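These are the residues of each chain, in order.
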Amino acid sequence: MGSRVEILNDDGYRSDGRRQFELRDITMDLSQRGTADGSAMITHGLTQVLVSVFGPREAKMRSQTFHDRAVLNVEVNIAPFSTGERRKRNRGDKRILEFASAIKSTFEPVVQTNLYPRSQIDIYVHVLQQDGGLLQAGINATTLALVSAGIPLLDLVCAVTGGVHSTSPMLDLTTLEENDIPHLTVAIMPKTGKITLVTMETRLHADRFADIFKLACEAGQVIHKEMKRTVRARTRRLVDAMDLGIRSSAGTGENVDKDVAMNEPE
Amino acid sequence: MVEITIKKRPRADAVVTQRRFFKKTARGKVIKVLRERYLRDDVSCGIHSCRQCASIEESKPTLPSSGSLDHSSFPNGHFVLPDTNVFLAQMDLIESNLFAPPIIVLQTVMEEVRHRSLPLYNRLKALLKADDKQTWVFYNEFRSETAVVREEEESPNDRNDRGIRKATSWYHTHISLARPPVRGQAKPTIPDVVLLTDDAANRQKAEKEGIKCMSVRKYVEGAKESSRLLDLLSAVGSNEIEPTKTAAARQALYPEYLSTATLVAGVKSGQLHQGHFNANPYNYLEGNVPVSTFDKPVLLIGRENMNRAIQGDVVAVEVFPESEWKAPGDEVVDQETTLKDDDADESEEEGDDIEAIREAKVLRAEQAKKAAAERQPTGRIVGVIKRNWRSYVCHIDSSSLTSSHETSLSQQTVFATPVSRSLPRIRLRTRQAPALLGQKILVTIDRWDNTSRYPEGHFVRALGKVESKEAEQESLLLEFDVPYRPFGKAILDCLPPEGDAWVVPPKSDANPEWRDREDLRDLLICSIDPPGCQDIDDALHARPLPNGNVEAGVHIADVSRFVLPDTPMDSEAAARGTTVYLVDKRIDMLPALLGTNLCSLRPFVERLAFSVIWVSAAREMTPEAEIVNVRFTKSVIASKQAFTYEEAQIRKDDPTQTDALTEGIRLLNRLAVQLRAGRMAAGALNLASPEVKIHLESAESSDPVDVEQKELRETNSLVEEFMLLANISVARKIQETFPQTAVLRRHMPPPRTNFEKLQDVLKKRRGLALDVSSSGALAASLDKCTDAAEPAFNTLVRIMATRCMLSAEYFCAGSVGRDTFGHYGLATPIYTHFTSPIRRYADVLAHRQLAAAIGHAPLHASLHAKPHVERVLGVVNRRHRMAQMAGRASVEFYVGLALQGRARQGPPVVEDAFVIRVFRNGVGVFVSKLGLEGLVTFTRETSFDAENYQISVPTTATATATTTTVAVFDRVKVQIAVERDKNTQRGKVKMTLVGPVDLRALSA
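If you read the sequences in order, they're chains W and S.
Residues 1 to 266 in UniProt numbering are what the first sequence lists, from first letter to last.
Residues 1 to 1004 in UniProt numbering are what the second sequence lists, from first letter to last.
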């Protein structure tokens, strides 16, 4: 639709009142859901994704396993009510398969699958609400869910979308912006600065790519900080709870050696 | 590195920070949309040295801290905060540089303007960027204190009004907070923020809330220079402002078409009339349909009556009772200026809005002044029998773009303005609008619903940058529907396999090539053509015979030997119809191997020809070239020389040259003079058309250097006379042999009414009479139309007379009555085209028929079938017309380029011109030196005298102190410039009157 909304107006405001380099509100929720080994719900603005992780566990079909490592199995379900227009997508939908395989290939080099030979890790992604940055939310939520399931990762994967309007780069796009401007999604491993995913479905001038790519990497660090804070808060809560438990049952607490790395200053 | 932050949005405030609304898609589906909004405290108020906002980075305040002190009602200074309706209705006032108070534009207002009218929004944005205005955009919807949420049962308009009031009162408190009273000092003066609105309800509510507000009129009355500002106030009174319409059902703007069966029955019974629709290029609200029932075409006034017809459609018209007949308008109404504020987006309501009202005003204003005398049948279109839509060359209208950033991928609805003035703007949806700006593009019309003011189309492809020669050339060919693709393999396979090594085989009776062919290789034949001509299709010879008679021959390239019926090459040539000549390009009808080599009668080589040979009894001094005998034969010739007109002329005039070839030319010339005299005596017309010649710098660069009028020499007329004679002789022969299917050409005498206007003008302005009873009488009276002081006057009258005539056409002898065969312009009872088979398809047919008539070859079956010949000639007629127009348009484009070139080098181009038409607000002028017709419009008050074809123009800027009268046939001086239309990038010739009155300063 010929939208009447200005993507970035002359005074530097985007249509939702943010400026160029402001990310949308992020909330992360790592609370336990059902029988899942780990789950996380993340919202980027109005995009909301819930990921549940099961495993590592024995695979249903042995033929699909590897003798030296675990298999990642990603399944995506997009709720029909997630967009304004109710639209049912079946599971064979090409967009959904592509989305699932993007997540899978992002995490394959990060998850230490070699620790779990002949097993399978199931990642179920539920998209509850969409407003741009779906892949970014999916990846971030998967990272958190894997963490909460206690699966060893080389690093936390942080994803951000970036776009460019005329010559001005912008971060974390809404649907409105994604429809209008060329954009890409970058997933980084913040500690090493390595990139596990870059995807772009629109045309972008080669000269602009470098700017926006660098910017997205920077933004990944910001998200990483937020993730780390959430994960640490949760771990502290768990540890505190364990502490209490130990204290009350055994009465001792002298050599409860907490994970040192967890307490390093930010 | 930039600072990347995460903007927090409190979940608890979701009511304020989320917007939820329903949207209806184009297909009628309702979608729920949720958007979020981040409220912030760092939105600056834009006032200089505001303490509260000083901490906000990147804000560069533009408003003076004291406001404006010029208004009598606000001695403490004030800022103006206009409501949406002020921008919608009073943009001219605000744009005026007399209107100087600092303006605060709210985001709410900006968005409302953007929704209501994009062009106005673009004007508003230009205003915000202007240096001489003090403006500030306040993003009230993003500032936490001023953001408002729509309440239950509140219309969007009321919500916006409330938002505006809230922002106004916030400004008020903000200013006073920023300047707290300091003890011991005088109370600081606090400037007011005045809400300007023409919405009475909003004013009332504002007053209740203690907000200072005013209507625009009242505000202006108290301002400085109020008298001059009041003039700029638009007439739309406060009571006419209606709130933003909520989505209403789309209204039908045009009446429904009648069903096909009703149309057919109506046309048959005579209640409806069928004809081709012609739009008026000067006035987009007017068109006409020539129908056989009336002498004058049926006039259609207004959009509803034209009912979605597009130039060239075959339509059915209902004629109104005679009491409602009207006269055509005499004003120039330009679509772009009248509708410049119209909006391309479909989501707008297109009902009875501002534009429609404005249009109605234009029409009414015109009708009121109309003289009752020139009424003509008036009617309305009730149905379209056949659409004649094709692809049109257009430009994107830049003001209809929502976003012009190169990177924008969003789909936009924009206007495409066709190059041809007779077409309406086309609405089109595209994702690449910004990239297409400044390009020529091809657009096809898909449909025109009766709920849509404009037809809808789609983008086909881009032709290239505007004014690049390639794009202009291709657009020209497309615009006139000229087939210009290279010849395909099937066609090239029809060429002789030897290629350019093909030669006439040596003479022998056994060779089929020489069967029934005369050997004319020894004759002193030469060709005379324009310089640079490659497709030589005619050559001539003349010689005295031993018995004292004179023999003259015309030899035409034997194209029918190579182009055989029922081959791919033949059908392609039939489809192309004619070769098209543009200034820098020729689009051939036949492949170049034939056209410029094997068929072309080049000098020094043997070529096959079709010869017409006359034997005349005329001796040296007899006045009449009496033809004793004419014979037609296929032949083999060898041209001795290819002359240009100029070379032949020099050779003829040089008394030292006495060789046989030169003598031949002299003999030909003598005969031609006699032929011409005979033709003129029979009443042939000497017509004039504005032909100019473009000088190109070199063949490669093809940059036009200059324009000059074509020169005519004696030798031009020599060739012309013999070609006419050959055509007439052939026409007689084939008509005799094939009375049913002979391919002939005729020129119908124009209906007398066509001349009425010209006769009237001539009588009133010059006291001259034009006798149009016959072509002879017309020729004689045209000769008398002279003005001793103006040698060009006669040419002008001839040009205007030519425009009153019908155009010549090919026809099939059996299809029309024998008495309508005549050629009016040439004053001959029968005529055909035979002499240019390389570049005209009708000539190829004539060749085949003549070959059959002399028993050289049997006639192909298709040429015996009347319907087939009729169909082929229908195509050829159309192509011929189009080719002429394309050629003319090409010349026009190059004249434009040449003018630009000239203007760059020196002073503006000023030329003499003649007035040929007078409108209420302008004059049509003709610049004979450039063959250019243009329009001079007057922006100031003029007094128009339709009866006497004159218009009085004030000579000075001060009111109507002195006036000068300009009338038809007056010689004036105009300044010619080519300027680009701002929106369409279309190069437009702009003429301004320089003499007798200099209007350069006034019309600016």
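If you're looking for bench data, these hints aren't it; they were derived computationally from the structure.
Everything numeric in this text was worked out from a predicted model, so none of it was measured.
Be aware that a few hints might be false.
Unchecked claim - Anything over 12 Å on all C-beta distances counts as not near chain S; from chain W, calculated:
#	residue
1	32
2	94
3	118
4	193
Unchecked claim - Straight-line Cα separation of at most 35 Å, DSBU-like style, residue types lysine-lysine; simulated pairs:
#	chain 1	residue 1	chain 2	residue 2
5	S	23	W	194
6	W	94	S	23
7	W	104	S	973
Every residue gets a Cβ at the ideal spot worked out from N, C-alpha and C, and that includes glycine.
When you check the alpha-carbon spacing of residue 104 of chain W and residue 973 of chain S, does it fall within 35 Å? Cα-Cα ~78 Å, so violated.
Non-interface label on residue 193 of chain W, tested against every C-beta of chain S at 12 Å: holds (14 Å)
Reported absence of residue 94 of chain W from the contact zone with chain S (all CB gaps over 12 Å): holds (21 Å)
Interface exclusion of residue 118 of chain W relative to chain S, criterion Cβ beyond 12 Å: holds (41 Å)
Residue 32 of chain W clear of chain S by more than 12 Å, beta carbon to beta carbon? holds (21 Å)
For the pair supplied as a hint, residue 94 of chain W and residue 23 of chain S, confirm whether the alpha-carbon distance does not exceed 35 Å. Roughly 28 Å separates the two Cα atoms, so the pair holds.
Under the criterion that the straight-line Cα-Cα distance not exceed 35 Å, is the pair residue 23 of chain S, residue 194 of chain W satisfied? violated (43 Å)
Hint violations for this structure: numbers 5 and 7, all remaining hints satisfied.
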